[in-house]
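Engineer: If you're matching them up, the sequences are chains A and B in order. Residue 143 in the working numbering sits at position 143 of the first sequence, and the numbers go up by one each step. Count along the second sequence starting at 1, add 281, and that's the number in the working numbering.
A portion of the hints provided could be inaccurate.
Said to hold, decoys possible - Only pairs whose alpha carbons sit at most 30 Å apart, straight line, appear in this in silico DSS-like list of lysine-lysine:
#1 A/K272 to B/K415
#2 B/K353 to A/K81
#3 A/K272 to A/K250
#4 A/K158 to B/K415
#5 B/K353 to A/K158
#6 A/K158 to B/K389
Simulated from the structure, these hints should not be mistaken for laboratory data.
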Amino acid sequence: MAQVALGLVNGAFYAMLSLGLAVIFGMLNVINFTHGAQFMMGAFAAWLLLTQLDVPFWASLILSPLIIGLFGVLIERLMLKRIYHLDHLYGFLLTFGLALIIEGLFQWKWGSGGAPYPAPIRGGTDLGFMVMPTYRLFVVVAALVICLATWYAIERTKFGAYLRAATENPTLVRAFGINVPRLITLTYGLGVGLAALAGVLAAPVQQVSALMGTNLVLVVFAVVVIGGMGSIMGSIVTGFGLGLIEGLTKVVYAPASNTVIFVVMAIVLLVKPAGLFGQTR
Amino acid sequence: MPDALLRVEGLQAWYGESHILHGVSFEIGRGELVTLLGRNGAGKTTTLKCVMGIVGERSGSIRFDDGETVGKPSDAIARLGLAYCPEERGIFASLDVEENLLLPPQVKTGGMSLQEIYQLFPNLQERRRSQGTKLSGGEQQMLAIGRILRTGANLLLLDEPTEGLAPVIVQRIGEVIRQLKARGFTILLVEQNFHFAATVADRHYVMEDGRVVDMIAAAEVQQSLGKLQAYLGV
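Start from the sequences and build out the full structure, keeping to the hints where you can.
Structural biologist: Written as structure tokens, this is what we have:
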């Protein structure tokens, strides 16, 4: 039971990260391989804000996604927008290359060893079947709220209607008088901000280190593939679901917990190549 | 024409290597309903797309309300007061009917209200929560037209609104187009269906091989039937 609860914490990060990837992919048609690095930057921003400027966690929760989101906006304006008309491969090369450069720079400046980030909420909460660190409980709830808010913004608001329509037919949406290039920039900024927000939430759970995103993002790509490329609800459900499966596997046979997600991925791709919630296009 | 709302002169357009329009010229007065007639591939749709700024490479002059629009991106052109209803209708599958209707932002004042649009197309109100692409072809066409009436645009570009529709729906769309003209909309209509076009338009421009080759006023249509048949191959 304890492993299940901890699985949910991992699932919370999977869900938030794959959600950002889904939003970005839907709009830009680019698979953002920089996502893990941007998650790490979010955590680092919070850590630097705390250690250099004494900015508390709760302020970083807003500040860090803003800063890293703006950094995303710059990347989109300066680089990504030049490659939309090219093959997917170029998007991969650019975002993957950026991730390597960013992670390399952070490693060079701060080393690969992690720095601890003190948990902003101390103590544990008795859930009846286990005592869970209250902060981790907070992470699960916060991630759920963030995911559902993002889903609501995309499926139920005017801004979301623009996003959905521009995902389908950007030329026509633009011919209606909507500045689609700006919408794309904003979407990328939001997706990156979401990754950074996950990074801030992760800082007290994991160590803050240059490579903290690399391992996580591998699993997240599997989550995205399982859930269905570009599907919003698919990302959320699969993210939490796979966290749970991972947790359960730890109970049954711990060494398999790292591979189980990829086994699930292989099975899903065999049965439903577009992913659980994906539509074949 | 002294008071032209849209004046196109020497318009050329390319899709990659292929040269589609070779100097198209025509104009539309305020409140007029003008059609572009011609066979498949004559360049009618490309002309509409050029006016809307969707075709990448274009040269020549397109003046709307006396301002040059060649060189502007399509969102800037739309905000001048032009609205476009594409041939393939462009209904968004991920939006329901009402979201489709409300999608184009208001660019000017004086557009129709949602209520007025529902009065014009009662079917759309009944199905306002349906997925846009679940509608019948006729309903989708009404949605595609209804969608651009809210924005306050005064020039409507309609690309083959009757294509593939049953005769009674075509008739209904004809009525709607006449009502829109009566409300003061200026309309540029691309049509293959000359018999339909003849019932609604003030003037017809005939296109052939990327050029406008003739202009026929509504009053001259009867005398010009032979000529038109030769142009259109009907």
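Engineer: Can the restraint linking A/K272 and A/K250 be considered satisfied, given a maximum Cα separation of 30 Å?
Structural biologist: holds, 26 Å
Engineer: Quick one, are A/K158 and B/K389 close enough, alpha carbons at most 30 Å?
Structural biologist: holds, 19 Å
Engineer: Need the status of pair A/K272, B/K415: alpha-carbon distance at most 30 Å?
Structural biologist: holds, 25 Å
Engineer: For the pair supplied as a hint, B/K353 and A/K81, confirm whether the alpha-carbon distance does not exceed 30 Å.
Structural biologist: Roughly 19 Å separates the two Cα atoms, so the pair holds.
Engineer: Take the C-alpha atoms of B/K353 and A/K158, compute the straight-line distance between them, and say whether it is at most 30 Å.
Structural biologist: holds, 26 Å
Engineer: Could you grab the alpha-carbon distance between A/K158 and B/K415 and see if it respects the 30 Å cut-off?
Structural biologist: Answer holds: A/K158 to B/K415 is near 21 Å, not above 30 Å.
Consistency with the previously given hints is maintained throughout, with no hint failing.
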